[in-house]
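**Student:** Protein chains in written order, with the working numbering: chain A, 1 to 967; chain B, 1001 to 1416; chain C, 2001 to 2094.
Treat the hints with care, as some may be off.
[Stated by the list, open to error] Here are the computed lysine-lysine pairs in the BS3-like style, where the Cα-Cα straight-line distance is at most 25 Å: (1) B:1212 / B:1223; (2) B:1052 / A:133; (3) A:127 / B:1010; (4) A:52 / B:1052; (5) A:138 / B:1266; (6) B:1052 / A:542.
[Unchecked claim] Just a sample of chain B residues kept apart from chain C, beta carbon distances all over 12 Å, derived: (7) 1141; (8) 1302; (9) 1396; (10) 1414.
[As the list claims (entries may be wrong)] Partial pick of chain B residues on the chain C-facing surface, computed with a CB cut under 10 Å: (11) 1104; (12) 1244; (13) 1245; (14) 1249; (15) 1251; (16) 1300; (17) 1301; (18) 1398.
These are computed hints drawn from the structure, not numbers from a lab. In this text, a Cβ means the ideal position worked out from N, Cα and C, and glycines have one as well.
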Amino acid sequence: MTQAMRIDGGMVDRSRTLSFSWNGRWMTGYHGDTLASALLANGERLVGRSFKYHRPRGIFTSGSEEPNALVQLREGAAQEPNTRATTIELFEGLNATSQNHRGTLAFDLMAANDLLSPFLSAGFYYKTFMWPKAFWEKLYEPLIRASAGLGRLPMQPDPDVYDHGFLHCDLLVIGAGPAGLSAALAAARSGLRVILADEDFVPGGRLNAETHEVDEQSGADWAAAVTAELAGNGNVRLMTRTTVYGAFDHGIYGALERRTDHLADAEDRPRQVLWRIYSRRALLAAGATERSIAFGNNDRPGIMLAGAVRAYVNRFGVAPGRNIAVFTNNDDGLRTAEDLSGKGIGISAVVDTRQGNTVVDTIGRGGIRAIRLGDGRRVEADCLAVSGGWSPNVHLTCHHRGRPVWNADVVGFVPGGELPPGMSVAGAANGTMSLAAAIREGHGAAVGIAEDLGAERPPGTPAKAADESFAAAPFWQVTGLRKRAWVDLQNDVTTKDIRQSHQEGFRSVEHLKRYTTLGMATDQGRTANVLGLALMAESAGKSIEETGTTIFRPPYTPVAIGAFAGRARGKHFRPHRLTPSHKWAEENGADFMEAGMWLRAQWFKRPGEKGWRDSVDREASRVRKSVGICDVTTLGKIDIQGRDAAEFLNRVYANAFLKLPIGKVRYGLMLREDGICYDDGTTARLSESHFVMTTTTANAVLVFRNLEFARQCLWPDLDVHLISTTDGWAQFAVAGPNSRALLSKVVDDLDLSNDAFPFMACAECSVFGGTPARLFRISFSGELAYEIAVPARYGDSMIRALMKAGEEFDAVPYGTEALGVLRIEKGHVAGNEITGQTTARMLGLGGMLSRSKDAIGLKLSGREAMNEDDGMRLAGFRPVDRSVILTAGAHFLNPGDPADMAHDQGWMTSVAYSPELGTSVGLGFLKRGTDRIGETIRAYSPVRDQDVLVEVCSPHHVDPDGVRQRG
Amino acid sequence: MRYSALRILKEGLTGNRGWQPVWREPEPKPEYDIVIIGGGGHGLSTAYYLAKEFGERSVAVLEKGWLGSGNIGRNTTIIRSNYLLEGNQPFYEFSLKLWEGLEQDFNYNAMVSQRGILNLCHSDPQRDAFVRRGNAMRLSGADAMVLGPDEIRRMCPYLDHENARFPITGALWQPRGGTVRHDAVAWGYARGADQRGVDIIQNCEVTGIDIKDGRCLGVETAKGPIKAKKVAMCAAGSSSRVAALAGMRLPIESHVLQAFVSEGLKPVLPGVITFGAGHFYVSQSDKGGLVFGGDIDGYNTYAQRGNLPVVEDVCEGGMAIMPMIGRARLLRMWGGVMDMSMDGSPFIDKTHVEGLYLNAGWCYGGFKATPASGYCYAHLLATGQPHETARSFRLDRFRQGAMIDEKGVGAQPNLH
Amino acid sequence: MIINHPLLGPRDAAEFVVLGDACLIDRPDGMNSASEEMHDYAYVRDNPAGEHRELWYHEQGDRSWLVVTRSTLTHDVIKVELARDVARARGRSR
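So here's chain A without its partners, still in its complex pose (with noise of 0.2 Å):
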């Protein structure tokens, strides 16, 4: 098919022939082309249909504020749903498929719900379907489902990628009609740095649509070399294809580019990027959108707003009709006629409302033929341009507070107050409709910047246009009516639904938009809102102003998640943090779990081992019986040095610090200010003035915030100083009864005996011959074990010649899957217990919390509900039949009670196979549980299946004694 329905003129390049497929038929366009003028140069009228009713809709507008003709773009993973034709750049081998429709787009079988649309109207939904109760989630529902939404999503992960970008200016202007091409211009002249975004793909807004002259040349030649002295400006950054889509705090503008969706291949560069700018000042040349007047059959392919058909006619060289017919309410509408009589276009009527004509209804199924007029009259045409004025794009200016006010003169709603600080608004957004006047306050408006921020440099004048009459009635609405009149074109709302909200007590505009769906659709209704708030105030007997409007939020028009998402998605979704041993780690075998951000160890496979039982039992018997060895980098450290480094721990931890002595390490219990048992850990004393803490993995990051703030919030002259060195130093349990021998070898001239360094010893020493290192001997397994830390670049050396020195021992690495094993074994707790809800008391460790000093949570620690005497204690758990395997999680009962919640006793926490015991072990909180040590009771989990008599035991299953670990 030839471009039938192309005229000479506009600005594509006719050089460039274009081949698109729409709808599987393929066609040809230009270069410069959207879809939605190649479509109409093909003469297709149909391009969708509506969201409920399923009418027939052509191509309403020329831009982001297109109600009608959304396409589903591309294919496979990168098919994109609820595309608007009219902004979407035509490129070779474009491929847009219709949406929401059953059947072909010509012949829809869900049009049957227009037949049925008495039964439809304004909240029919909310009144039926209620009977019988259980139909709704059977029937009704899934029928509904059935029919919602318009485009499909791909299904498969979006392949392209997105970036984010940060941008710095003096002036940001939003749009680059004639009001944001001027005040982009005296701003970069007097020197600013500018920002000048505009989500078309070329610069001049109206003016490339308009046959207007500025400074005695066409207005899209005026754009074109203004933008070209702008883009040679070191100071302007010039952004098409880029909407700033919203307002945020302390003048952060979000913006999103389009980069590569013009092309047919984006090569892999980022489709899109999502910029955050920040702006000293913004000025917002938005424009303004035209809206429709409500007459019968309003809706059909073929009628168009004016101001489009004149910028298909004068931009894009394309007629949407050749026997056009105009229906106005304003001069601007007028300027249709005389463009198109310009082009040699019929026209065959031109109705202004001013002089009471009416348009009361169209003729024509698939698209209209003819319309009928108020005195009766039929008129042929095949496009209807309609005009019921212009609505100034103030969107921006209520992502605050802002709120718009109803401005009689421009017949719409202009800035009102409390506009986001640093903004001002120029041009038609802000009510100066005509093209001098706004050429002249968009300079003005930089001007005035310029002269603030302090610039010094002359702006230059404005350009010179005429001052074009913008006269307009307002004319909302077609009386008495017998066919339906559409407001809301992609919802389908109507007149009659807006009068029965009215009727039915929605008469708050919020109310209004979300009974009616009004202005919910992807179009936000920008061609729609003002026209039912104003229908609403006629019901209502009211003025606009006493109706009230609706705030605009962001986005100004709807951005893909992905370009918000940026590059945080996949395996980059975090950081991962690695340890010092990862890289020894994947050379042998290890299985790695997440620990936040870190990837550790959890076990060690060996040839030959089934499952991850095999490894970890191995791993977990060898440290009871030789020696083994784990990477606890993770673990938090925080180094704390000062006069009163003592007096501040004493303070931060719930038992005594003060009197710790050099060389030895402590256990240290942490609690919030609430009196909850927050972390836990150890600190070592390797001075008078420098103590080393440690803290969880989980924790790390927040108790050194906390501490940092009692260091500067509560007690500000403690001399003190903190820094995190969790990334400073590789950190090695070495665990097991040939722990002390392994560590002889490596150790350099420390004297490791008993007596010489007992247990809760530390040290700070060398290792293999000089290398700094630090020695703790600490047990979280219950046997002879130490914990030695090397500067974090010796990590992998220090791993490899650990393993080396424990060979003769037959050392083996153990994972997080071993360490739990053995910690469970001996009963020490760790997140499962410490919730965030858990009690020193619960923990059995009341007695550590000291009387006899103030240090967080303390205080609170004594209240009431948090020591009853039969709360929950700590207890160890064993299976009656020891093949049993316990579940974390399972819930204790007394047995021949209920299960329920009323007679619930606590819950395990955590479980392991104890390869020692041969069995399975389990920890966790009982009421009164260390006084039923010998019972045994239901561990009942309805969520796995399993239901099994244990034995309550104490916690310390392995060396109750704790013998190990101080031989």
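Once you have looked at the hints, place chains B and C on chain A.
**Tutor:** This is chains B and C only, laid out in the frame that chain A set:
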């Protein structure tokens, strides 16, 4: 007027001209037995149950703006009872049961849709916690299942099962969880209350609370003074401001929670899905929009809007679990002001002033609580006794050390 | 949002962690205060609609705790101080 398919048929055939106002627009009377401050979901449901279940005949709801203008219309519409703690679980289960019979009860289709809620987990400790929680739910009579990765893959093949930074290791699944059309809840309760004689007075801000000798006598409003035997504060988001009128300071901070909706898409998500290694939860409405949210912005605010870092964080969470939504567009974002309490749980209680009551502190879980909150508050107002499922929601629980801290993060509101 | 750090100049709010009301500086002494005082300190807040003094921590920066005076209605930042200075001015020392 009773709603039914027959009524729609009749009205449809007669030009839809017979529909009547869903509520009256009365002027306030000089005196009521009970005045409720706040015409949001909880205030309206309180009024409804006061009239319907407790026979109160003299009740007014005073709303500063338009009814339902608070968080009832600014949430992600999720209902569930998947709570862990004894103080919470029975209450939310009671609420879920009320949801299940709500539409027939108030003759308004709020589209209570029990398509299930799936809470994903990504580590062993998280899974252990879900087992504990699932078991607690079962002990309380709620429904719960713990699913493994294979079952999740069958149920939601489009989740990122291959390339995730935090692989999915399991999920807590509550089939009775789901979504409700949020505005319709306000409208249904308002209509039901209005029909039973409750005066709902819009654009009537309360500017003072009249207290004499430790007794509450009524309120000052934009429409003049109104006497009341009992005054019930119910203005989540603004609780501290209202309570300040009575000289009270609350264990609450106001924070903004943003929520988001995408353009309409053909439905693919069955129910609600939540991410366990980041802040993201999502469902798909009956119109096809993906409705999703994440964490609060974190700073105190009364502005119903948020900032970009959280928007990006939420979308990152979305892309992390379902990378097929990358090309769907975010259509609208908005913010609701939340009463963030000191343990993440609410208050339904008397105050130290006789005749003055408080319903507050719902954090961002207030929507699902709407029916039970109203019912229990009505119970307290009418009988003077707390409802059995809401006994723990005491205002003085921090003095006792009886926190109801589901997340275990302590007295820091922006962490709940 | 942008926080004008007294030492480092304007910084994006995303570099910070917010704790809450700056009244958390006024911690009662645990040995010499009534339980009620500690309860109010830990749990009760003014939560004003308007000017609010609050604690921000520059975690992705110099680890200063700041007291930011900010409107909870408009988000305008009125003043930013080092929390240590504020604490000292409020009589806190050792």
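**Student:** A separate judgement is required for each hint: does it hold in the structure or not?
**Tutor:** Checked hints:
1. B:1212 / B:1223: 21 Å, holds
2. B:1052 / A:133: With Cα atoms ~21 Å apart, residue 1052 of chain B and residue 133 of chain A stay inside 25 Å; holds.
3. A:127 / B:1010: 13 Å, holds
4. A:52 / B:1052: The given pair, whose Cα atoms are some 36 Å apart, is violated under the 25 Å limit.
5. A:138 / B:1266: 18 Å, holds
6. B:1052 / A:542: Violated. Residue 1052 of chain B to residue 542 of chain A sits at ~36 Å, over the 25 Å cutoff.
7. 1141: Residue 1141 of chain B clear of chain C: closest Cβ-Cβ about 32 Å, beyond 12 Å.
8. 1302: 5 Å, violated
9. 1396: Residue 1396 of chain B is in fact no farther than 12 Å from some Cβ atom of chain C, at 9 Å.
10. 1414: Contrary to the label, residue 1414 of chain B does not stay out of reach of chain C, its closest Cβ about 6 Å off (not over 12 Å).
11. 1104: Cβ of residue 1104 of chain B sits 40 Å from chain C, so the hint is violated.
12. 1244: 8 Å, holds
13. 1245: Not OK, violated: residue 1245 of chain B not within 10 Å of chain C, min 12 Å.
14. 1249: 5 Å, holds
15. 1251: 4 Å, holds
16. 1300: It holds, given that the least Cβ distance between residue 1300 of chain B and chain C is near 5 Å, below 10 Å.
17. 1301: 5 Å, holds
18. 1398: 5 Å, holds
Hints 4, 6, 8, 9, 10, 11 and 13, counting from the list given before, are not met by this structure.
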